[in-house]
Every structure is written in structure tokens, then in C-alpha cells.
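Peer 1: As a plain string of letters, each chain reads:
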Amino acid sequence: MKMFSALVMLALTALAVPASARDITAGDLVISNPWTRVTPPGAKVAGGFLTITNNGKEADRLIGGSAVISHRLEVHEMSMEGGIMKMQEVAGGLEIKPGATVVLKPGSYHVMFLDLKASPVEGTPITGTLKFEKAGEVTIAYDVAPLGAKSSEAGHEGMQHEMKSGADGNMKKMHGGQHGHH
Amino acid sequence: MATTETFRKVRLVLWGAVAAVALAGGALLLGEAQRAQQAGSNLPAAATIGAPFTLTRSDGTRFDSQSLAGKPYAIFFGFTNCPDICPTTLLEMSNHLKQLGANADKLNVLFISVDPSRDTPEHLKLYLSAFDDRIIGLTGTTDEVAAVAKSYRIVYEKVPSKDGSDYTMNHTASVYLMNANGRLVSTLSFQEPEETRQRKIDNLVAG
Ligand SMILES: [Cu+2]
Numbered sequence: 001m002k003m004f005s006a007l008v009m010l011a012l013t014a015l016a017v018p019a020s021a022r023d024i025t026a027g028d029l030v031i032s033n034p035w036t037r038v039t040p041p042g043a044k045v046a047g048g049f050l051t052i053t054n055n056g057k058e059a060d061r062l063i064g065g066s067a068v069i070s071h072r073l074e075v076h077e078m079s080m081e082g083g084i085m086k087m088q089e090v091a092g093g094l095e096i097k098p099g100a101t102v103v104l105k106p107g108s109y110h111v112m113f114l115d116l117k118a119s120p121v122e123g124t125p126i127t128g129t130l131k132f133e134k135a136g137e138v139t140i141a142y143d144v145a146p147l148g149a150k151s152s153e154a155g156h157e158g159m160q161h162e163m164k165s166g167a168d169g170n171m172k173k174m175h176g177g178q179h180g181h182h
Numbered sequence: 001m002a003t004t005e006t007f008r009k010v011r012l013v014l015w016g017a018v019a020a021v022a023l024a025g026g027a028l029l030l031g032e033a034q035r036a037q038q039a040g041s042n043l044p045a046a047a048t049i050g051a052p053f054t055l056t057r058s059d060g061t062r063f064d065s066q067s068l069a070g071k072p073y074a075i076f077f078g079f080t081n082c083p084d085i086c087p088t089t090l091l092e093m094s095n096h097l098k099q100l101g102a103n104a105d106k107l108n109v110l111f112i113s114v115d116p117s118r119d120t121p122e123h124l125k126l127y128l129s130a131f132d133d134r135i136i137g138l139t140g141t142t143d144e145v146a147a148v149a150k151s152y153r154i155v156y157e158k159v160p161s162k163d164g165s166d167y168t169m170n171h172t173a174s175v176y177l178m179n180a181n182g183r184l185v186s187t188l189s190f191q192e193p194e195e196t197r198q199r200k201i202d203n204l205v206a207g
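Chains as they are written, first to last, in our numbering: chain A, 1 to 182; chain B, 1 to 207.
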């Protein structure tokens with residue numbers, strides 16, 4: 001199962017390359033696709049998600065940051081243990097090893113906006129900073145996806161369409177159809 | 001242009017890889033699902049899950065579990081200061097109710113707060129306004145909630161923040177599907193595909 005996830009992630013990571021125009025570089029780190037989502041009314045917390053790649057030779061650590069919508073920000077890890085959802089602050093910060101890509105996503109690592117002073121509004125990016133041990137402080141802007149979105153791609157029809165064609169095992173048709181001009 | 005073309009080709013090859021891996025993974029997932037199913041049937045002796053209770057609804061009125069008799073129900077526990085799994089599950093349950101169409105009135109859906117000190121009825125009402133209004137939001141005194149959670153074998157605990165000024169909560173994330181006789185028949189996990197969850201709910205409603 002680990003192998004399977006790793007392969008899918010590898011392929012998906014490579015596929016995500018076109019987003020590079022909006023990548024943020026900070027020293028040896030590349031931060032891509034920061035996003036969050038709409039929260040229910042009255043919610044006091046929200047999760048922020050992004051991908052961090054370390055192109056350097058030394059490990060770095062995401063140790064904190066800030067966001068305009070919240071009083072505090074912490075780096076968290078969520079996990080499932082025997083059907084129990086557990087969430088805690090990542091002790092000592094989230095390590096990004098040299099050459100590694102760490103994905104902060106729902107159900108896993110995330111930055112947690114605590115004590116919200118404003119609610120995320122769909123389509124209105126949220127500015128914030130991330131603090132790294134070595135790369136220092138970086139300003140980023142999170143895209144805001146709809147309530148309950150499982151990825152920032154929730155609204156990207158093209159991607160989902162292609163994914164479905166692939167899952168149907170209809171790769172031939174895809175070649176002939178959408179990419180017939182080859 | 002040349003780069004775009006090259007990229008397209010690379011992308012096609014990669015999607016091919018995704019498809020192949022997905023097929024291989026599908027077989028593995030089937031095995032996992034079966035294992036999960038077995039785990040489900042081994043869950044705490046189904047007959048002893050749940051006990052009669054009274055709690056406070058998000059509209060401030062009291063709710064007696066006797067009103068659930070004769071109809072299947074889905075019950076899950078969470079808290080509104082939850083960034084991920086609780087809003088996601090509430091949204092999924094809203095979608096399932098929508099999918100049920102006219103059959104939705106054959107099912108009760110209950111969301112019980114495990115954080116009653118912060119989740120007052122008023123706050124619960126505001127929070128739940130983002131979801132299907134047929135979802136019954138419940139809270140109560142600390143003792144009331146503890147008793148209900150215990151009878152449903154729900155585990156929850158406060159996790160204080162580093163400086164002690166705040167806390168978050170760990171809690172059982174599963175949705176329990178109870179039949180019209182109040183017996184546990186299945187569980188939903190947010191990790192399983194939406195179709196799987198919907199099928200379980202359809203089966204539950206079909207009796
Ligand atoms: Cu968190």
C-alpha cells in the first residue's frame with residue numbers, strides 16, 4: 001500500500017508541474033500550491049495546505065508562521081489510530097529533508113490557523129507567512145477552495161476528466177480524442 | 001510551443017503510469033476493504049452499542065433518543081473546533097442525505113459534540129447552518145455527553161496546546177450506522193470512497 005501511494009504521489013507530483021509559475025522560492029525551498037478552504041460559520045480554526053520541496057543539501061524545518069485570518073498558526077499533524085482522529089503540533093517543527101518533498105494536505109500534516117479573526121472566503125486568497133529554521137520567513141497566499149474540499153483541484157474540471165479517462169483504462173481513446181493532433 | 005508538446009507527451013505517459021498503478025492499487029484496496037469489513041463485524045458486540053439518552057438540540061430543546069425508535073440512524077461525534085474531519089464528515093453526510101432524495105426522511109442523522117463546554121446549542125446551530133438542516137446537532141453537560149459517548153464506545157480526549165491556553169480534541173471519527181432496532185449494522189469511514197459510503201447508507205435505509 002505504501003508503495004502504491006508513493007508511486008501515485010510521484011506521478012501526481014510530476015503532473016503538478018504546470019503550477020510552477022506560481023511557486024515560491026525561499027533559499028533552497030520551493031513552496032507550491034498553498035490552499036485552504038471555506039469554514040462553517042462560527043468556526044474558530046482552519047487548516048492550510050501546501051507542498052514544500054527542499055532542493056538543498058541540508059534539512060530545513062517549518063517551525064511556524066502567521067496568517068491574516070488568525071491570531072495564531074501552528075504546524076500540525078493529523079493521523080488516524082484505530083478509528084480515532086488524533087491531531088497534535090509537530091514537535092520541533094516539520095522536517096523537510098534534502099531532496100524531499102513534503103505535502104501538507106487534509107488528513108495529514110497541515111498548518112493550523114487558530115483563533116480565527118476572519119473566515120476564509122472562496123476565491124479570495126489569504127496572505128500569510130511561513131517561518132523556516134534556515135530559509136527564514138516567507139510570504140505566501142493561500143487559494144481558498146469550497147467548504148470540505150479535499151484538494152485545491154476540486155474545481156479543476158480538466159484534471160478530473162483526464163483522471164476518469166485514465167481510470168477507465170481508456171488511454172487509447174484519450175490519445176485519439178483529446179490529443180488527436182499529435 | 002515545442003516545450004508544451006513535449007510536456008503533453010510526458011503528461012500522457014505519466015497518466016498511463018497513474019492508470020497502471022491505480023489498477024494494481026485497486027486490487028490491493030479490495031483486500032483492504034475486506035479486512036476493514038471483517039474488522040467492522042468484529043466491532044464491539046453490535047448489540048451492546050448505544051443506550052437511551054437525552055441531550056440538548058442545537059435549537060435549545062431537549063432531545064430524547066426514544067424519538068429515534070423505528071427508524072435507522074447515523075450517529076457520529078465531533079466538535080466544531082475541528083479543522084478537518086468534522087466539517088468534512090458533516091458535508092459528506094449532507095451529500096448522502098441529498099443523494100437519498102425522498103428516502104432521506106427514512107433516516108435520522110445525529111452529530112454529537114464531544115466538546116460541550118465550547119459547543120453551546122447556539123454555537124452548534126450557527127456552525128451547522130452550513131450543512132443539511134436535517135442533521136440533528138446535539139450537546140449537553142459534560143456528564144451527559146460522556147455517558148452517551150461511553151455507551152457508543154466513543155473515545156475522546158482534550159489535548160492542551162503547548163502554552164496551555166487552548167486545546168484541541170482527539171476523538172473516534174467513524175460514523176455508526178444503526179438500524180431501526182437500534183443495532184449497529186455498519187460504520188462509515190471518511191477514508192472510504194463516497195460510493196461505498198452511499199451504498200452502506202442506501203442499504204441501511206432499505207432495511
Ligand atoms: Cu490541526
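Please keep in mind that the hints were generated in silico from the structure rather than gathered at the bench. As the structure is a computational prediction, the values presented were derived from the model and not from experiment. A portion of the hints provided could be inaccurate.
Claimed, not checked - Cross-link-like lysine-lysine pairs, in silico, DSSO-like; alpha carbons within 27 Å at most:
| no. | chain 1 | residue 1 | chain 2 | residue 2 |
| --- | --- | --- | --- | --- |
| 1 | A | Lys97 | A | Lys134 |
| 2 | B | Lys158 | A | Lys117 |
| 3 | A | Lys105 | B | Lys162 |
| 4 | B | Lys162 | A | Lys86 |
| 5 | B | Lys150 | A | Lys150 |
| 6 | A | Lys44 | B | Lys158 |
| 7 | B | Lys106 | A | Lys86 |
| 8 | A | Lys86 | B | Lys200 |
| 9 | A | Lys134 | B | Lys158 |
| 10 | B | Lys106 | A | Lys44 |
As the list claims (entries may be wrong) - Covered stretches of chain A (in silico footprint by chain B; criterion: 3 or more residues with CB under 8 Å from a CB of chain B, positions within the stretch not fixed):
| no. | region |
| --- | --- |
| 11 | 34-43 |
| 12 | 80-94 |
| 13 | 99-111 |
Heads up, the beta-carbon is just placed ideally off N, CA and C, and yes, glycines get one too.
Peer 1: Can you confirm whether the C-alpha distance between lysine 86 of chain A and lysine 200 of chain B stays at or below 27 Å?
Peer 2: This hinted pair holds, its Cα atoms lying about 25 Å apart.
Peer 1: Does lysine 158 of chain B lie within 27 Å of lysine 134 of chain A when you go C-alpha to C-alpha?
Peer 2: violated, 33 Å
Peer 1: Within 27 Å, alpha carbon to alpha carbon, are lysine 106 of chain B and lysine 44 of chain A?
Peer 2: violated, 33 Å
Peer 1: Could you grab the alpha-carbon distance between lysine 105 of chain A and lysine 162 of chain B and see if it respects the 27 Å cut-off?
Peer 2: The hint holds at about 23 Å.
Peer 1: Within a Cα-Cα threshold of 27 Å, do lysine 150 of chain B and lysine 150 of chain A meet the stated pairing?
Peer 2: violated, 31 Å
Peer 1: Sort out whether lysine 134 of chain A lies within 27 Å of lysine 97 of chain A, counting only the CA atoms.
Peer 2: With a Cα-Cα distance of about 12 Å, the restraint between lysine 97 of chain A and lysine 134 of chain A holds, given a limit of 27 Å.
Peer 1: Closer than 8 Å Cβ to Cβ for three or more residues is the test here. Does the region 34-43 of chain A pass it with chain B?
Peer 2: Satisfied; 5 residues make the cut.
Peer 1: Are lysine 162 of chain B and lysine 86 of chain A close enough, with their CA atoms no more than 27 Å apart?
Peer 2: holds, 16 Å
Peer 1: Assess, step by step, whether the Cα of lysine 106 of chain B is no farther than 27 Å from the Cα of lysine 86 of chain A, and give holds or violated.
Peer 2: Given that 27 Å is the threshold and the Cα spacing comes to 33 Å, the pair is violated.
Peer 1: Straight-line Cα separation of lysine 158 of chain B and lysine 117 of chain A no greater than 27 Å?
Peer 2: holds, 23 Å
Peer 1: Using a Cβ cutoff of 8 Å, are there at least 3 residues of the region 80-94 of chain A near chain B, or does the coverage claim fail?
Peer 2: holds (count 8)
Peer 1: Take the C-alpha atoms of lysine 44 of chain A and lysine 158 of chain B, compute the straight-line distance between them, and say whether it is at most 27 Å.
Peer 2: holds, 16 Å
Of the numbered hints stated above, those contradicted by the structure are hints 5, 7, 9, 10, listed in ascending order.
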